[in-house]
Amino acid sequence: MHTPGSSTAGYTLLLIVQVVFIIVFGFCTDYAKELLPVKNETANAHHASESEGGNLRKYPHFQDIHVMIFAGFAFLMTFLKRYGFSASGLNLLVASLVVQWAIIMRGCYEMEDGIIPISLQNLIGADIAAAAVLISMGALLGRTTPIQLLIMGILEIAIFAGNEYLQLELVKAADVGGSITVHAFGAYFGLAVSFMLRPSKDQAKVGPLEGSSYSSDISAMIGTIFLWIFWPSFNSALVDGADQERAIINTYLSLAGATVTTFVLSAIVSHEHKLDMVHVQNSTLAGGVAVGSICNLLIHPFGALIVGVIAGIISVLGYRFLTPAILSNLRIADTCGVHNLHGMPAVLSAIFSAIYASFASVETYGRSLGTIFPAMQKPNALNATSEMEPLEYVIGGYGRSGAKQGAFQLMAIGLTMLIAIAGGLLTGLILKSPSVRQLEEHELHKDDAFWETPSEESTNTSTTNESTNQ
Amino acid sequence: MHTPGSSTAGYTLLLIVQVVFIIVFGFCTDYAKELLPVKNETANAHHASESEGGNLRKYPHFQDIHVMIFAGFAFLMTFLKRYGFSASGLNLLVASLVVQWAIIMRGCYEMEDGIIPISLQNLIGADIAAAAVLISMGALLGRTTPIQLLIMGILEIAIFAGNEYLQLELVKAADVGGSITVHAFGAYFGLAVSFMLRPSKDQAKVGPLEGSSYSSDISAMIGTIFLWIFWPSFNSALVDGADQERAIINTYLSLAGATVTTFVLSAIVSHEHKLDMVHVQNSTLAGGVAVGSICNLLIHPFGALIVGVIAGIISVLGYRFLTPAILSNLRIADTCGVHNLHGMPAVLSAIFSAIYASFASVETYGRSLGTIFPAMQKPNALNATSEMEPLEYVIGGYGRSGAKQGAFQLMAIGLTMLIAIAGGLLTGLILKSPSVRQLEEHELHKDDAFWETPSEESTNTSTTNESTNQ
Amino acid sequence: MHTPGSSTAGYTLLLIVQVVFIIVFGFCTDYAKELLPVKNETANAHHASESEGGNLRKYPHFQDIHVMIFAGFAFLMTFLKRYGFSASGLNLLVASLVVQWAIIMRGCYEMEDGIIPISLQNLIGADIAAAAVLISMGALLGRTTPIQLLIMGILEIAIFAGNEYLQLELVKAADVGGSITVHAFGAYFGLAVSFMLRPSKDQAKVGPLEGSSYSSDISAMIGTIFLWIFWPSFNSALVDGADQERAIINTYLSLAGATVTTFVLSAIVSHEHKLDMVHVQNSTLAGGVAVGSICNLLIHPFGALIVGVIAGIISVLGYRFLTPAILSNLRIADTCGVHNLHGMPAVLSAIFSAIYASFASVETYGRSLGTIFPAMQKPNALNATSEMEPLEYVIGGYGRSGAKQGAFQLMAIGLTMLIAIAGGLLTGLILKSPSVRQLEEHELHKDDAFWETPSEESTNTSTTNESTNQ
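Chains as they are written, first to last, in the UniProt record's numbering: chain A, 1 to 470; chain B, 1 to 470; chain C, 1 to 470.
It is possible that part of the hints are untrue.
Any copy will do: because identical chains look the same in the list, a pair fits if it lies in one copy or spans two.
List time: in silico SDA-like cross-link candidates among lysine to any residue, alpha-carbon distance up to 25 Å [stated by the list, open to error]:
1. Lys274 / Val19
2. Lys404 / Leu170
3. Lys205 / Gly241
4. Lys33 / Phe302
5. Lys58 / Glu34
6. Lys33 / Glu363
7. Lys58 / Gln121
8. Lys58 / Phe302
9. Lys205 / Glu441
10. Lys33 / Ile372
11. Lys33 / Pro117
12. Lys274 / Glu210
13. Lys378 / Gly207
14. Lys201 / Arg320
15. Lys205 / Val436
16. Lys201 / Leu439
17. Lys205 / Leu327
18. Lys205 / Ala407
19. Lys274 / Pro208
20. Lys432 / Val38
21. Lys274 / Gly207
22. Lys58 / Val38
23. Lys33 / Val239
24. Lys378 / Ser401
These are computed hints drawn from the structure, not numbers from a lab.
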């Protein structure tokens with residue numbers, strides 16, 4: 001019998017992609033200058049301490065994010081009863097491929113003399129970019145081949161890097177936790193791909209394997225809990241000092257508020273008023289997304305709690321009512337419910353960021369206003385700082401008022417959703433082209449199509465033998 | 001059929017509590033001063049670097065503790081075969097609620113102008129406070145409703161914060177690892193609650209679901225191992241410099257000694273001399289508790305090992321002989337055996353701390369004596385340091401001799417146990433009041449009463465289908 | 001019936017070993033000088049900040065390695081369907097015992113006045129030494145009694161410490177990630193022990209329990225993923241500044257390259273071109289080993305990727321073809337395939353280190369040449385630095401050319417393999433002596449011989465009762 005997994009054409013293509021990446025790394029990258037040995041002795045001493053105080057100070061934050069990307073997302077997606085090998089394995093494969101590609105694509109915007117200088121900063125950026133792809137993967141979980149996921153990842157990262165540059169460097173949106181550029185982008189990109197791959201009308205239903213087992217729900221909690229724990233690091237990795245500490249505090253409180261709310265609402269809206277693991281595994285995290293764009297602002301601890309509570313409400317209601325409606329009406333499947341965990345909370349975060357920006361002023365933020373909202377600096381104050389982009393490139397220019405910055409925050413989320421949806425539709429079109437192998441219906445949400453899986457029979461037999469032996 | 005989980009009254013109450021917390025946060029908290037933007041430019045530069053060297057330096061320690069509270073305790077409690085959703089889920093819920101409450105309650109003792117200043121320090125303190133509640137939860141695991149747990153958590157934190165202030169600020173006990181204020185408090189509080197909720201005589205037995213399955217024992221090991229790994233961070237988070245490094249070393253060695261001893265003793269005392277997972281999951285950690293109050297003292301590496309060995313012995317013997325005796329004689333159930341992991345080792349730690357304090361002197365500890373045992377400072381040396389409490393408030397006063405400090409260490413553990421037991425009895429009385437829904441016998445140690453659980457039948461069917469498909 | 005686990009002689013021996021360790025700690029160790037209180041006030045201030053900037057700066061790195069040793073190795077080894085208690089439990093026991101012993105054995109080479117000064121550095125070194133023993137344990141997994149493992153660990157650490165001192169201090173090999181001294185040593189030591197314990201001819205086959213179950217494969221992925229995440233910390237823990245940051249970047253890229261390659265090759269060489277979990281769980285990590293000895297060198301980002309790709313290829317081919325051939329021809333069992341994950345990639349790393357050393361010069365490395373390759377310093381430059389060993393002790397002397405250093409790198413791996421194999425054969429001889437209890441054939445790869453395991457029958461019954469109750 002010709003089994004579906006038997007084609008190696010896709011994997012050969014993947015090998016070619018890896019080789020191309022190596023060639024690009026060879027010609028277009030090098031260690032950042034501060035990581036190269038210095039000949040001059042006096043310079044060296046200063047240099048080492050700079051490096052110490054610089055990038056390496058971020059290493060614990062990096063490792064926390066690294067746990068989220070490679071353990072958090074991986075285990076969260078193991079909730080399906082027969083898709084755990086794919087969830088944990090393909091998460092590792094996809095992330096390993098796209099971090100390389102993200103270093104290249106994001107590096108295009110910070111090249112020096114045609115060379116991308118590589119430091120710990122690039123690894124942090126690459127890990128964060130990978131999150132966007134893994135969010136999209138969550139929407140499609142169990143509905144694509146591994147090769148489709150990889151093609152999606154490559155296309156998505158290219159568009160992600162452009163959008164990130166657009167929003168942060170040209171629109172100058174404030175988005176330290178990446179709610180706009182990562183969560184909204186990843187969610188709507190994935191949903192657009194899902195729309196393109198939508199099943200025929202009679203198949204738009206929850207599949208027989210599209211559910212959890214008792215043990216897969218426990219392993220998914222590994223993912224949830226590690227994401228929950230390290231989310232403050234994700235949101236605070238790119239800021240420093242008091243900004244960083246506020247980002248940590250606000251994210252912590254928002255997550256706590258979202259968690260309590262998730263349990264309350266889950267019990268209220270669920271069947272027989274019992275708690276639903278889907279909500280607990282996902283909506284508890286919505287507080288981290290919803291506070292992302294505003295976590296370093298002066299939102300006050302009680303503001304952080306309120307944001308978390310609202311995120312929890314939106315997310316649980318989304319799982320309970322919106323996702324089934326979208327599936328039955330638009331035939332857009334969203335296996336992990338990324339719209340409820342990442343999409344809507346991220347839009348909420350952007351709206352909050354617009355509101356808080358509107359009220360931001362030098363009176364409240366003092367000198368840090370220019371760090372938090374770079375485009376609110378006066379143009380003449382910028383002349384001195386040579387590392388700024390030329391003024392003419394920034395859309396809308398510098399010296400913005402609070403209200404204007406607020407409008408640009410809304411523009412950032414709007415543009416991001418537009419680009420993500422357009423990019424996702426295009427990507428989906430490519431993924432369903434006849435030259436790309438599609439998943440057949442009986443392969444949905446099932447490891448066995450692409451993985452050697454242990455025969456359960458033999459386990460049972462051994463257990464039985466065992467019992468007899470004793 | 002009217003199912004037990006169907007009442008939403010408890011969850012509505014929980015929502016009200018969350019709203020009240022938000023209001024209290026709104027009126028009584030703000031970011032700590034160093035986290036607010038500074039207008040003055042020169043001040044700002046100094047300020048940022050201070051913050052960097054100050055609280056944020058503790059961030060990796062905080063994250064280690066965060067893993068212990070939210071992943072360690074959660075997975076350790078998944079050892080029951082059908083209570084994994086509750087263990088991992090309710091751990092998250094209870095901790096998320098009580099950390100908010102702990103910030104408020106602990107903050108009452110450090111208010112400035114009626115406002116609690118919030119920084120990373122408060123989050124560390126809140127996480128540590130949550131540990132006490134989760135320890136109590138361990139004693140009751142599977143014997144309460146979620147709402148009973150939350151009521152307990154709220155009452156416990158209020159009493160915890162008062163006791164912590166009493167022991168650390170008024171009695172001036174040395175307890176860097178929290179063995180007295182956290183472990184002993186949490187364990188005896190939980191046991192007192194368990195006593196109040198004790199079953200009728202014929203039901204005081206190990207229930208049919210009060211055991212592990214092969215896979216639940218493995219997931220519990222996730223908890224054990226992460227607690228084991230990060231315990232040095234828990235014990236050393238509140239000290240600095242050489243004190244911190246000694247706390248790390250001593251905790252590491254004590255855990256290693258306790259682990260080896262646990263395996264030896266488990267094999268010796270267990271049925272057929274086989275190793276018992278209950279001992280491995282819990283008694284290996286007793287070394288971390290037993291060294292808690294003394295981990296920063298000059299106990300010498302071999303002292304740390306001895307403490308660990310004694311803790312391992314006490315803990316395994318407790319599991320093997322004491323817990324069953326307490327259950328059958330006093331009808332106090334202790335599902336996770338917190339008396340053996342937290343209670344007795346913490347009392348041991350307090351006794352050791354009294355002994356070591358008795359021999360402490362300025363000759364051995366030099367200038368750090370005043371940091372380690374604040375009340376052993378001479379009163380006249382205190383005049384200079386304005387941030388000290390007024391002398392008259394400290395019970396027993398300053399300028400204590402070593403022997404006197406030792407006596408106060410014993411007073412601290414004695415008072416803590418008294419307060420914990422009294423508080424636990426009172427809390428238990430409230431939890432068993434007729435207006436609070438009690439667990440029925442068939443709901444013990446079972447997720448299904450409060451959680452939607454996947455039907456195992458459908459899994460089996462799918463697996464069968466799957467096999468047929470291939 | 002006389003059950004196999006019923007002898008406590010071995011565990012009593014273990015207790016004696018623990019007591020001996022305590023006595024040795026009592027007489028031969030103390031806290032390092034900088035951890036002892038200082039009497040002089042002005043010295044103290046300087047002292048604290050030194051300690052802060054010194055060892056404690058490594059604490060996050062230490063904790064990452066701690067996770068690898070105690071969680072990573074533990075869960076990776078749970079892949080066997082009925083050996084999860086032993087994998088996670090014995091990993092904890094063996095590591096807890098050998099870290100104590102490693103502090104003593106490694107300390108022998110850095111004694112001051114007959115006392116081993118203990119600081120965080122010793123704990124890092126002990127954790128890394130434990131890795132070697134756990135690698136050997138991987139080769140033997142399921143084929144020894146717990147006591148045999150512990151005897152092996154004690155013998156192995158003694159030889160490990162001597163070899164480490166020989167390669168790093170006398171041969172002056174560059175090996176920051178421990179590929180030579182840890183991975184190659186641990187793998188070939190374990191394989192040599194396995195050779196000595198080889199079964200009779202008719203038993204040299206894969207046993208009935210020597211496979212995974214669906215859930216054991218998922219829990220093994222916990223180990224894989226945490227090892228993968230924290231490998232950059234393992235490789236960079238012992239270097240500083242720019243060297244450390246390069247070690248992080250190169251390890252990250254090498255792991256990414258190895259991961260992509262592993263998936264590609266796994267699909268190509270496996271049955272029906274399906275992905276094999278054994279490859280995904282192990283070969284993805286080979287990139288971390290293969291880059292170990294060169295991760296701080298100027299290997300360029302694309303060099304790191306190439307190393308990872310080659311490591312992935314070697315490792316997957318080793319699992320697919322070499323391990324079965326070694327088992328059937330030499331009867332050397334290698335349960336976890338440590339030869340493919342640690343052995344061959346480590347040899348590869350050593351060869352690469354020889355090549356890179358050959359081209360190293362002061363022109364490329366500047367002043368850091370002497371830090372990276374200490375023996376390439378000119379003898380006269382050493383006179384000033386008093387902390388260096390006397391010149392005459394270093395094998396081959398100082399002032400080496402690049403080519404000479406390259407030859408010494410090869411000498412280091414050659415000597416290490418020789419010592420590991422000889423030590424392993426000797427250890428194996430002791431382990432199979434008549435006075436040591438051997439595992440019987442029906443006890444292979446099975447927890448039940450040494451652990452109390454939950455009866456699966458009762459679980460099923462409870463589940464059924466449960467369903468009926470509802």
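Going through the hints against the structure:
no., hint, in the structure
1, Lys274 / Val19, "between (51 Å within a copy, 22 Å between copies)"
2, Lys404 / Leu170, "within (15 Å within a copy, 53 Å between copies)"
3, Lys205 / Gly241, "neither (49 Å within a copy, 55 Å between copies)"
4, Lys33 / Phe302, "between (44 Å within a copy, 16 Å between copies)"
5, Lys58 / Glu34, "both (15 Å within a copy, 21 Å between copies)"
6, Lys33 / Glu363, "between (39 Å within a copy, 16 Å between copies)"
7, Lys58 / Gln121, "both (8 Å within a copy, 20 Å between copies)"
8, Lys58 / Phe302, "between (28 Å within a copy, 24 Å between copies)"
9, Lys205 / Glu441, "within (12 Å within a copy, 39 Å between copies)"
10, Lys33 / Ile372, "between (27 Å within a copy, 18 Å between copies)"
11, Lys33 / Pro117, "within (7 Å within a copy, 38 Å between copies)"
12, Lys274 / Glu210, "both (20 Å within a copy, 22 Å between copies)"
13, Lys378 / Gly207, "neither (57 Å within a copy, 71 Å between copies)"
14, Lys201 / Arg320, "within (22 Å within a copy, 44 Å between copies)"
15, Lys205 / Val436, "within (24 Å within a copy, 41 Å between copies)"
16, Lys201 / Leu439, "within (17 Å within a copy, 46 Å between copies)"
17, Lys205 / Leu327, "within (7 Å within a copy, 49 Å between copies)"
18, Lys205 / Ala407, "neither (40 Å within a copy, 65 Å between copies)"
19, Lys274 / Pro208, "both (22 Å within a copy, 23 Å between copies)"
20, Lys432 / Val38, "neither (52 Å within a copy, 55 Å between copies)"
21, Lys274 / Gly207, "both (23 Å within a copy, 23 Å between copies)"
22, Lys58 / Val38, "both (23 Å within a copy, 24 Å between copies)"
23, Lys33 / Val239, "both (22 Å within a copy, 18 Å between copies)"
24, Lys378 / Ser401, "within (10 Å within a copy, 57 Å between copies)"
Checked against the numbered hints listed earlier, the structure breaks hints 3, 13, 18, 20; every other hint is satisfied.
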